[in-house]
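> Chains B and A, in that order, give the protein sequences. Just so you know, we're using our numbering here: the first sequence kicks off at 1 and counts up by one. Just so you know, we're using our numbering here: the second sequence kicks off at 139 and counts up by one.
Simulated from the structure, these hints should not be mistaken for laboratory data. Computed from a predicted structure; not experimentally measured. Think of the CB as a built atom: it goes at the ideal place given N, C-alpha and C, for glycine as much as any other residue. No incorrect hints appear here.
Here are the simulated EDC-like pairs of lysine to aspartate or glutamate, each with C-alpha atoms no more than 16 Å apart in a straight line:
1. Lys-147(A) - Asp-210(A)
2. Lys-173(A) - Asp-74(B)
3. Lys-205(A) - Glu-262(A)
4. Lys-161(A) - Asp-34(B)
5. Lys-187(A) - Asp-74(B)
6. Lys-131(B) - Asp-80(B)
7. Lys-205(A) - Asp-34(B)
8. Lys-161(A) - Asp-177(A)
9. Lys-87(B) - Glu-124(B)
10. Lys-173(A) - Glu-160(A)
11. Lys-187(A) - Asp-237(A)
12. Lys-228(A) - Asp-265(A)
13. Lys-16(B) - Asp-70(B)
14. Lys-173(A) - Asp-70(B)
15. Lys-173(A) - Asp-188(A)
16. Lys-147(A) - Glu-209(A)
17. Lys-228(A) - Asp-80(B)
18. Lys-114(B) - Glu-230(A)
19. Lys-114(B) - Asp-74(B)
20. Lys-161(A) - Asp-237(A)
21. Lys-147(A) - Glu-242(A)
Partial list, computed: chain B residues near chain A (C-beta under 8 Å):
22. Tyr-28
23. Ala-31
24. Leu-59
25. Ser-75
Next come the chains, spelled out residue by residue.
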Amino acid sequence: MPNFSELSVGDVVASKTFDLTRDSLVRYAGASGDFNPIHYRDDIAQSVGLPGVLAHGMLTMGLAVQPLIDWVQDSARVLDYGVRFTKPVVVPASGVATLTVTATIAQLDEESNKARVDLTCSFEENNVLGKAQVWVQL
Amino acid sequence: MVNPEIQGKRYPRTPAYQVGREKVREFARAVFSSKESFDLDYALSLGHKDLVVPPTFPVVIQEQSLKLVLEDPESQIDFSRVVHGDQRFKFERPIVAGDVLTSELNVASVKSLGGNHMVSFETEIFDEGNQLVCTAFSTLVVRGA
Chain B
1 MPNFSELSVG DVVASKTFDL TRDSLVRYAG ASGDFNPIHY RDDIAQSVGL
51 PGVLAHGMLT MGLAVQPLID WVQDSARVLD YGVRFTKPVV VPASGVATLT
101 VTATIAQLDE ESNKARVDLT CSFEENNVLG KAQVWVQL
Chain A
139 MVNPEIQGKR YPRTPAYQVG REKVREFARA VFSSKESFDL DYALSLGHKD
189 LVVPPTFPVV IQEQSLKLVL EDPESQIDFS RVVHGDQRFK FERPIVAGDV
239 LTSELNVASV KSLGGNHMVS FETEIFDEGN QLVCTAFSTL VVRGA
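The following block holds chain B by itself, in its conformation from the complex (with noise of 0.2 Å):
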């Protein structure tokens, strides 16, 4: 468990790569119950005009705040959680997209234990989370 008193604003306390395939796509899929087919059919995602099969927001959002949920070492500990959907992730039907993500301290809450943390992640150089915000409990 992170000490919070030798904690400072701006300090990365996680980071790590994800590659996702098609095959997390439809892992995804199946366990959130999200079959949109623009998630992993390329005729119809080029069908309503997208680059190609786009990776879910939500898995991007699910992963995006694992790092930190190592850190913390507890999911309870995640009292609020938002993110901006701010550019797509184009998974390749065969290879890989790989994902950066980091987490850097952007406020403490010396009253209460709180921290706010702000997360990353970048997909070829663009960061497709905005405004990724976490607030955790230490």
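Using the hints, position chain A against chain B.
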């Protein structure tokens, strides 16, 4: 296209959804979780009643409420033109396997922006004792034709 008249509309409570332990594990694997959401002994050692869901799991419950909106002829939302704009979950307490949850959605706002429509929803998720456990905020962008 979205009917602006649905702003403020409240949709009925969804049927009870029981959070299953294996469902939590399946969802946790899909979002690349580490042990917190798999390992029951670990969850119990932290003082939880059962496995704690990953923070984005309430989307499964929110989805049940959103389905009511998309199926509502009054909303006039064309699902094939919908893109997820933003999402937020605010927890009152952690959700654990075994919880029996229902949800109630209201349409917080409908806005037009550059030919697109943005619809924002607030979905309150309640436990069996009718206590609020989580509020899910979601904006869908409906792309103009």
